[in-house]
Each structure stands twice: as C-alpha cells, then as structure tokens.
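So the sequences go chain by chain: A and B.
When we follow the UniProt record's numbering, the leftmost residue of the first sequence carries the number 1, and every step to the right adds one.
When we follow the UniProt record's numbering, the leftmost residue of the second sequence carries the number 1, and every step to the right adds one.
None of these hints come from the bench; they were simulated from the model.
Even glycine gets a Cβ: it sits at the ideal position worked out from N, Cα and C.
Honestly, I wouldn't trust all of these hints.
On the chain A side, residues computed to face chain B include the following (Cβ under 7 Å) [as the list claims (entries may be wrong)]: (1) Ser189; (2) Leu343; (3) Ser344.
The list that follows gives simulated cross-link-like pairs (lysine to aspartate or glutamate, EDC-like), each with its CA atoms no further than 16 Å apart [claimed, not checked]: (4) B/Lys212 <-> A/Glu202; (5) B/Lys195 <-> A/Glu324; (6) B/Lys203 <-> A/Asp261; (7) A/Lys7 <-> A/Asp34.
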Amino acid sequence: MDILSYKCPNCSGTLKFDSQIGQMLCEYCDSTFDPEVLKKYDEVLQEEASKDPDWDTYESDEWQDPNLGVHLCNSCGAEIVAEETTAATFCPYCDSATILSGRLSGALKPDLVIPFKIEKEQAKAELKKFCSGKRLLPSLFLANNRIEKITGVYVPFWLFDCEAEANITYDAKKVRTWKQGNYRYTETSHFLIHRAGKIGFERIPVDGSEKMDDAYMEALEPYNYEEAVDFATAYLSGYLADKYDVDAESSKPRANQRIKDSTEKKFAETVSGYAVVTPRSTAIDLTDGKIRYALLPVWMLNTKFGGKTYTFAMNGQTGKFIGELPISKGKYWGYVAGITAVLSTVGLLTVFL
Amino acid sequence: MKKLFTSLFLFVLLLSFYTFPALAANVYDNENLLSASEKQLLEKRLQDIAETYNFDVAIVTVDSLNGKSAMEYADDYYDENGFGFGPDHDGLLFLLAMDSRDYWTSTSGYGIKAFTDYGIRYISDNVVGLLSEGEYYKAFDKYLDYVDMFLAEAATGTPFDTDHEVITSGDYLFLSLLTVAISAAIAFIVVGIMKSKMKTANKQRYALNYVKDGSFKVTSDKDLFLYTTTTKQKVESSSNSGGSSTHSSSSGNSHGGGGGKF
Ligand SMILES: [Zn+2]
Ligand SMILES: [Zn+2]
Chain A
1 MDILSYKCPN CSGTLKFDSQ IGQMLCEYCD STFDPEVLKK YDEVLQEEAS
51 KDPDWDTYES DEWQDPNLGV HLCNSCGAEI VAEETTAATF CPYCDSATIL
101 SGRLSGALKP DLVIPFKIEK EQAKAELKKF CSGKRLLPSL FLANNRIEKI
151 TGVYVPFWLF DCEAEANITY DAKKVRTWKQ GNYRYTETSH FLIHRAGKIG
201 FERIPVDGSE KMDDAYMEAL EPYNYEEAVD FATAYLSGYL ADKYDVDAES
251 SKPRANQRIK DSTEKKFAET VSGYAVVTPR STAIDLTDGK IRYALLPVWM
301 LNTKFGGKTY TFAMNGQTGK FIGELPISKG KYWGYVAGIT AVLSTVGLLT
351 VFL
Chain B
1 MKKLFTSLFL FVLLLSFYTF PALAANVYDN ENLLSASEKQ LLEKRLQDIA
51 ETYNFDVAIV TVDSLNGKSA MEYADDYYDE NGFGFGPDHD GLLFLLAMDS
101 RDYWTSTSGY GIKAFTDYGI RYISDNVVGL LSEGEYYKAF DKYLDYVDMF
151 LAEAATGTPF DTDHEVITSG DYLFLSLLTV AISAAIAFIV VGIMKSKMKT
201 ANKQRYALNY VKDGSFKVTS DKDLFLYTTT TKQKVESSSN SGGSSTHSSS
251 SGNSHGGGGG KF
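So that you can see chain B by itself, here it is in the shape it has in the complex (with noise of 0.2 Å):
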C-alpha cells in the first residue's frame, strides 16, 4: 500500500515536471545588467508566465547589434534561439543593446496578435523612463507586468488596440468620477424639468396673441453683403488603422515589433 501511494506520489511529481516547460528561463543577460537574485526573479516570471499562457517570452542584453538593425538582430536571435512554443512559434523577445542604446520588442506567432503595434508602443513608452535611468530590473520587471497583463487582455478575445486602448487605475478613478458627474448632471436635469412643472405660473414674454390681424407689414428690408473673411487651420491625417505590421526576419519567419532609443 506504501509503496502504491510512494508511485503514485512520483507519476504526479513527473507529470508535473513534464507539464512545465521548465526550459523557459529566458533571461540572457550578456551584459550582466542583473544580479544574480534579480535574474531569478525574473526567470521565475518568465516561467509563470509561459505556464499561464502557452506564450513564450525572453530579455536579451547585448553589447553591440554588430551592424545589424536592432530589428533584424533581435528576429534573428529568436529564430536562431528556436524561441515560441507550437507550431508558429508563439512568443516575444526584448532586446537592450547597450552600445547604440537600442531596445526592441520581437513578437511571433501568437505575440503578432496579443501585441499591436499601439499595444508595443504603449509599453515601450511606459517603460523606456526605467531604462534611460539605468534601472534596467525594474524596467524589466515592470515590462513583465505589462506583457502579463496583454496577454490576458488578448486571452479574451479582445487585444488592446488603438480602438480598445489601455485604461490605467489613474484612468479608470478619473472615468468613475466623470461618470458620477454626468449622471447627477442628468438627474439635476431631470428633476429640474419635474421641478418646472410645479410651477406654471409665469411671465410671459411675448404679446403675440395681440397682434392685429393683418397689420405686421415689412416696409423695407436690405441684406447688405459687407465682406468676406477666411482662415485656414491645419488638420491631422489621422491614419492609425490598428493591428500589427509584419514582416519576414532573414530566416523567412514572420515578425510583428517596434522600438526605440533609451
């Protein structure tokens, strides 16, 4: 019986092993940006996050891009890597350079759906401050929370995009307070009109009840044209579609992204 429960106790152990994919500790900090406490933390994200979602994600840090484009070096080292569970190779990369002070975000399979470019421009922006200021765990570490949090967004169907944009807590304090105040200004209305008609004693303005029939004449009437003014105001060319812009890494793979200069 003991020995039936010790089995039983070492499948579960093994299925669980298994069921993890333990080999999504992506953390290649080539620059040693991080301690080695700090790239633990990070490597725990990374697994939980692979675990929750089937996505897989990885942080690159390296000295020079080695005259390629922070794109084209960040595609390649996905693809050379075999980064992306599944057959499309679901899964993104960040990438720091620290020579050129290049950062880029890489996204495959999956990732070109749950990261839009507006959705890449929303967290490189959000996290780019971190970066300037040389505060790279807790950029990555706050990188992570967004990816967490676009991943669960995509999850239901929905990824953020320039028409579902990203509502912050600050965001949603203001729209609660704003919805507050619309509605008692509609209820102010409304019982303002409820008010009125307690009340229908009042002035009138006009006499027009008095008017003599027939006794309104215009006698003369001019519309004397004096001058024409004209002003010119410049219009934005509003062109942001949504969605993610795509293209082929030397590899032949698909890669959506976007990044910038820290």
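This is chain A alone, in the form it adopts within the complex (with noise of 0.2 Å):
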C-alpha cells in the first residue's frame, strides 16, 4: 500500500487511508483526498530537473581586409574598425577626441549585417522630436548641446537561435464567496496545474560590446532581420565598426535569462480562469542551440552637460530613438511642491468647506 506515503497537499502532513469513506484523509488539518486525484498529483511533481542549456561554441573566422584600420581610444580603449579614410576624429561611446589610428589584426568576421537605411538628419531630428515636452530637462539642456556630433555604427551582436522544452507547474486558486444569514462564506478550491510543451526563438541578439549599454541596445529592438545580408567591407565605408570586446560565451546567460522568462510567459499565458496563479517549479531545457555574429546598425549621439555625457542611440534601421536626458533638480522639486500645493488645497477646500 504505497498509497500511505501521500503528503497533504495542504498541509505536507502524512495522509492516512480512511477505508470508512474512501478517501485519503488529514489528521493535521482534516482535509481529506481522493486517492486518485493523489496519484495524478505525485505524477504530475515528478518532472524532470532543467538541463544546462546546450549551445554550440562560436567557430570563429579571421577577418582580413588591407583597407580596414583599428582605431583606438586613449580614454575608453574603445577599438573601433573602420576604413581607413574613413575620419574617426571622435569616440562615439566616450566622446573623447583622442583617437589613434593602427592596422586591423584579427577581427572577427560577421556573418550577416543589417545595412544602415536611416540618414544622420533624421537622427538630429529625433532628437529634437525627443527633447519636446519633456518637462524636467533643464533649459540650458537644448542651448548648449551640440548635436553635430553623430556617428554611424555597426555595433556587434551574438544572435542565438534555440528551441526549449518547459515543464511548468502552478498551484492556483479559485475563489467564491456568498452571504447566508450574518455570515460571509469564502471558499477556495485549490488546483495543481501542469503545462508541458515546446518553443522556439529565432535571433535574439546580445550586444557584444563592453563600451555599450546593454540596456541601449536592448531598448533598440527589434531589428527585422528579412534584411540582414551576407558581411562585405563595402557596407562599412562611411561608417564606424565596432570590435567585439565580449565574447559569446559571455554573452550566453542574458540570452538564457531572456529565453526563460519568454518561455514562462507564454505558457503562464495558457492558465487562465483563476484567481491566483503562482509558479510552483520551472524545467526549461534548451537545445540545438546555434549562434552568429552579427552587425547592426545604430546612430550614436553624444552630448555633454554639466561635466556628464548624455547618450542616445537610434536603430538605423528602424529609426526607433532612445537615450537618456539630464533631469533639472530645480523643476523635479518644483513640480513636486507645486503639484503638492494645488492638491492639498483643493482637497483641504473640499474637507472644510
């Protein structure tokens, strides 16, 4: 009679038989139990443990192009690919001016490249468009900047491809309540749900290099990659490109992490009907995981203010345009206290009147 080693799903007591109605019963908290129901429940918790994720390596190819020059920077040691008549007299992350020009040894070669589709005057016009309305940016903010300052880049991505296979389970809840007589009735039925099944991505790109926020170039997404093309020299002439400073392997866990919380999204999205719904264990295992390496581009703007520099970064394919401005102390406070005072009033005018 393995049937006697049941734990109470309530309370985790022990569950004895009660042979007198059949069912398995609680002496801890007195709830009894169908015995199968029990049975399905012990099969349902015995799911397999996640797997590490299986990733390919990155089979690196060596990149040569007599007409290619790194240029480094003395401020960040930003190393940046470009042509060689290509002028780089700035650093698009630093905004520094001291940039030494040497000769391109082993960069890695992409595999694909989305083509920048975006001219420069929409950028500075983003900017402008992204600077309107905002209420906290200080006035000295549009006087002084100088936004003459904008560089194309081809910014290097790792773009991982998987499937993964989830074992999800939920403990979650149903409410009902009624009134009879002077009493209010809540009763709660408690449910175990299980969900199993299969999803697959396509592409998520990591951002492979140090200098770049990682949050910049997720905030730029997405790219539509129906126009990524083979990598040819010719599609950076005119531009900058960065070299990749973080290596795919590094760049493994972000994408994990992205394609387990996606992955517990879309199947959290197929329990539904209840009031509660809360994870209770999570097996993800990922495979046939493959990896490129990818350049896409991204209008740099840099801008200092107040002995800070201030970047924003539009997709060069999209157009999309993000960045962060400088909040003025003065009309952060301001608008608190005068938001405050119009309230209290009203409000006090409201009670005492």
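Please assemble the complex out of the two chains, which come individually in their own frames, going by the hints.
Have a look at this one:
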C-alpha cells in the first residue's frame, strides 16, 4: 500500500487512508482527498530537472582586409574598425577626441550585417522630438548641446537560436464568496496546474560590446532580420564598426535569461480562469542552440552637459530613438511642490467647506 | 430736544427688552449641584442661545424620577412647564436624575430636526464622563457648547447626522495632514511618470519578438483539482439610517431624545 506515503497538499502532513469514507484523510488539517487525484498529483510533480543549456561553441572566422584600420580610443579603450579613409575624429562611446589609428589584425568576420537605412539628418530631428515636451529637462540643455556629433556605428551582436522545452507546474486558486445569514463564506478551491511543451527562438540579439550599455541596445530592438545580408566590407564605407569585446560565451547567460522569462510568460498565458496563479516549479531545457555574429546599424549621439556625457542612440534600420536626458533638480522638486500645493488646496477646501 | 432724546432712548431700551426672550433662564437645579454663580453663568448662556437661534433650552436636575422612565419624566417636564418657542415648541431639555443616575435629552419641534439620534448620542458620549466624575458645571457647560455647535450646523440646512458626522479639531488636523500626504504621494507619482519618460534606454525582459512562427506548442496540460477550504466571517448588519426617531409624550406632543446612565 504505497498509497499511504502521500503527503497532504495542504499542510504537508502524512495522509492516512480512511477505509470508511474511501478517501485519504489528513489528521493535521482535516482535509480529505480522492486517492486517484493524489496519484495524478504525484505524477505531475515527478517532472525532470532542468539540464544545462545546449549551446554550440562559436567557430570564429578571421577577417583580413588591407583597407580596414583599427582606431583605438585613448580614453575608454574602444577598438573601432573603419576604412582607413573614414575620419574618426572622436569616440562614439565616451565622446573623447583622442583616437589613434593602427592596422587591423585578427578581427572577427561577421556572419551577417543589416545595412544602414536611416540617414544622419533623421537622428538630429529625432533628438529634437525626444527633447520636446520634457518638462524636467534643464532649460540650458537644448541651448548648450552640440548635436552635430553623430556617428554611425555597426555594433557587434551575438544572435542566439534555440529550442526550449518547458515543464512547468503552478499552484492555482479559485475563490467563491457568498452571504448566508450573518456570515460571509469564502470557499477556496486549490488546483495543481501542469503545462509542458515547446517553443523556438530565432536570432535573439545580445550586444557584444563592453562599452555599449546593454540597456541601450535592447531598447533599440527589434531589428528586422529579413533585410540582413552576408557581410561585405563595402557596407562599412562611411561608418565605424565596433570590434566585439564580449565573446559569445559571456553573452549566453543574458540570452538564457530572456529565453527563460519569455518561455515562462508564454506558458503562463495558457493558464486562465483562476483568481491566483503562482509558479511552483519550472524546468526549461534549451537544445539546438546556434550562435551567429552580426553587425547591426546604430546612430550614436553624445552630448556633454554639466560635466556628464549623455548618450542617445537610434536604430539605423527602423529609426527607433532612445536615450537618457538630464533631469533638472529644481524643476523636479518644483513640480513635486507645485502639484502637492494645488492638490492640497483643492483637498482642504473640499474637506473644510 | 433733550426730552425727545430721552424718550427715544427709553423706546429703544424697551424694544430691546421686548425682543429678549428673558424668560429663558431655564436652569432648574433642584439638587443644588451648582453654585449660585455657576447657575448664573449657565443661564446667561441659555439666554444667548435663545436669542441667537430662537431656541429654548432647559437644564433640570431632580432627585428621583418617581417611577417614570427618564424619557417620560423629561417629556412631561417639558410639556407641563410650557418650554419651547413658537407653535411647535422648539427646544430641548436636559435632565439629570441623581438617585438612579439617569440622564436624558428630550427634544421638541425644531429640536427634533437639529438633534438627530446620532447627534444626541454624540453629545451624550462626550459629556457622560464629566457627569460620572461629578463635574456637573463643566458637563453642562460642555453640553451647551455642543448645543450651540449643533444649532449652528442645523441652521445651514444640514444638521449633523450619520451621513454628516461631526469633525473635531483633532480630526481636522489629521484630515489636513492626510490630505497633504495624499497630495504629495500623487505629486511624486505624476513627477515619477515625467521622470520615467526622460530615460527610454531600458532592458527588455522578454524576447517574444524572436519566437519562431508556429513553434509554440503545448503538449500536455492538466488542471488538477485538489481540495476545497471554506472559511466564514461574521458580518455586522449596518442599519444606521440616520434622522431622529420620535414618540408621543403623555400630553400627546411629539418628542425626540436619548440618554443613559452616568
Ligand atoms: Zn493536511
Ligand atoms: Zn572612448
């Protein structure tokens, strides 16, 4: 009678079979359970644990082109690849003007590239649009900023493909309340939910540049990969290209995290009709992991204000503009005080009149 | 000329005597709980109330209710002594019976409208402590403070009631601080939204743009019912409808009122 070894799903006490009612009985919390249900419950909970993600190692392919040179930033150490004829006057990452030129050696050849589609002029216009209507922006910011410093950079990305196999359980509750006499009754029904299945991901980008803030690059997504082409040095003409300094191996955890969160979200969406759903256990196996190396187009805009560099970026393919603007402390507290004063006045008048 | 002035002065004096309902010196302290000067002070207050609101207030202390209930005794005392102004006998009477330690407020006419069941309970609750301590003058003085305050409120058209409760200065301070705190919280939320628009460079949590078409497949879905728990909670029936409940006294007049033991 191995049925006697079940644990109570409510309080984890050991259940006993009550032959009179033909049910499993918990002596600790007085719950009764159908033995058939408990059998299924145990089956569901016997799910396998997650294995390590199965990613390929990236096979590198060296890139030799006598016309390309490496520009090295004295200030932040960025290695920027460009045609020898492309004048790199300042660093697109740290706004520093000291850039040295040298010969290219041993850079990685990208598998694919998405060519620039949006012009420099649009980046200028988008920055103006981005600043307009921002009430917390310091008044001097627009007057002082020199937005002519705009660079087109091909940013290195690792693209991750994989299949995810998920095995997830949730605890769920349905709640029903009703009134009878002087009492309000609350009935809570407890469920164990199990979902298993598959989902595939294609070309999740992870930024391979150390200097480039991951948040900036993820905010520029999505890119349309339909327009990606095989790499040719000709695409670099007039633009800079960053040399990757975060390798594929180090980029895997970020890809894994986004795959895990996305898979959990997709499966959680299939659980509906409950008042409360809490994940109980999640096992996600990643298989068929493939990694590719790509250069994606980004317009970089830097401006110094109050001794700090503010960076903006525009997706060179779609024109999506993102960034961070400085906040005027005076305006911030002015608005807090002003709104508090107006609302308090209205509130106090309502209370006292 | 001087004669004319004197007669005019006398006329004005008489006129002012006439408009004073000087008869409103209604402190019947049969138990001698008050000193002569305390009694005078209270009578002055009753006169002021009578002048301001044209409303008759009587304070009565007795030894025993003589077998009547406090309500009956107060109502009859009011009717038999002809208290109250105007055809509806607008006014109220506050009775203390010392041997049974009963107190009772009987209202009549406009008093029924101005002093709802809620109002009488509110005033009683705030005065009963002083009565229990034997601070009779302070208790009556405070009682009259409330009578003044309730009449002033009733004059605006909305007497204090369950849907229009009394707010004290302590409540006002609390409400003011609460209003400012809520306003500040809203201000921080609004400015917080403004601030969040200053930074759009944020990480993405999901990668749902990169799901392969048709790759999402659920191969097993089980929703397993386990057990049910039921809890019950007592609910208080709220039947506080507000207003004044009235009854007829032995003389047939309509009275409102309320009271208790001190
Ligand atoms: Zn139990
Ligand atoms: Zn630099």
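Hints versus structure:
1. Evaluation of the A/Ser189 hint against chain B yields a held restraint, the C-beta minimum of about 5 Å falling below 7 Å.
2. Given the 7 Å rule on beta carbons, the hint for A/Leu343 holds: about 4 Å separates it from the nearest Cβ of chain B.
3. For A/Ser344, the interface hint holds, since its Cβ comes within 7 Å of a Cβ in chain B; the closest pair sits about 4 Å apart.
4. For the given pair, B/Lys212 sits about 6 Å from A/Glu202 by alpha-carbon distance, which is consistent with the 16 Å threshold.
5. The hinted pair formed by B/Lys195 and A/Glu324 meets the criterion: a straight-line CA distance of about 10 Å does not exceed 16 Å.
6. The suggested pairing of B/Lys203 with A/Asp261 holds, with an alpha-carbon distance near 13 Å, which does not exceed 16 Å.
7. Between A/Lys7 and A/Asp34 the alpha-carbon distance is near 13 Å, which keeps this suggested pair within the 16 Å criterion.
Checked against the numbered hints listed earlier, the structure breaks none of them; every hint is satisfied.
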